[in-house]
Amino acid sequence: MSFTAGDTVEVISCADDPRATGRIGTVIDEIPPGPLTQGRWTVHLSSLLIGPLLCHTGELRRVQR
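As numbered in the numbering used here, the sequence shown has no gaps in its residue numbers, which increase by one up to the final residue, 108.
Treat the hints with care, since some could be wrong.
[Said to hold, decoys possible] Label-pair restraints from in silico Cβ distances:
| hint | residue 1 | residue 2 | range |
| --- | --- | --- | --- |
| 1 | Leu92 | Ser56 | 26 to 36 Å |
| 2 | Ile55 | Thr80 | 16 to 26 Å |
| 3 | Arg108 | Pro78 | 29 to 39 Å |
| 4 | Gln107 | Pro78 | 15 to 25 Å |
| 5 | Ser89 | Pro61 | 24 to 34 Å |
| 6 | Arg108 | Ser45 | 11 to 21 Å |
It should be emphasised that the hints constitute simulated quantities derived from the structure, not laboratory data.
Virtual Cβ for every residue (Gly too), placed ideally from N, Cα, C.
Use the sequences and the hints to build the structure in full.
Right, here's the structure in full:
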């Protein structure tokens, strides 16, 4: 599955920060992830204590809004 910038996603799990599991966020990548992020998408959550995350495709689920 591929995402685009602005897609709303639910974090199913995240090795980068397990506290993000179950939270809703927004994909901020303009292009598919590459070697720099080791194939992970950058996701921004509206949380004061959790910064932007790097999550693999299998760790995210698109949410319809």
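Evaluated hints:
The supplied range of 26 to 36 Å is broken by Leu92 and Ser56, whose beta-carbon atoms lie about 18 Å from each other. Hint check: Ile55 to Thr80, Cβ distance near 18 Å, so the stated range 16 to 26 Å holds. Checked against the hint of 29 to 39 Å, the C-beta distance between Arg108 and Pro78 comes to roughly 31 Å, which is consistent with it. Under the hint 15 to 25 Å, the C-beta atoms of Gln107 and Pro78, about 31 Å apart, miss the expected range.
Between Ser89 and Pro61 the beta carbon distance is about 18 Å. The supplied range of 24 to 34 Å is therefore violated. Taking the beta carbon of each, Arg108 and Ser45 are about 18 Å apart, inside 11 to 21 Å as hinted.
Checked against the numbered hints listed earlier, the structure breaks hints 1, 4, 5; every other hint is satisfied.
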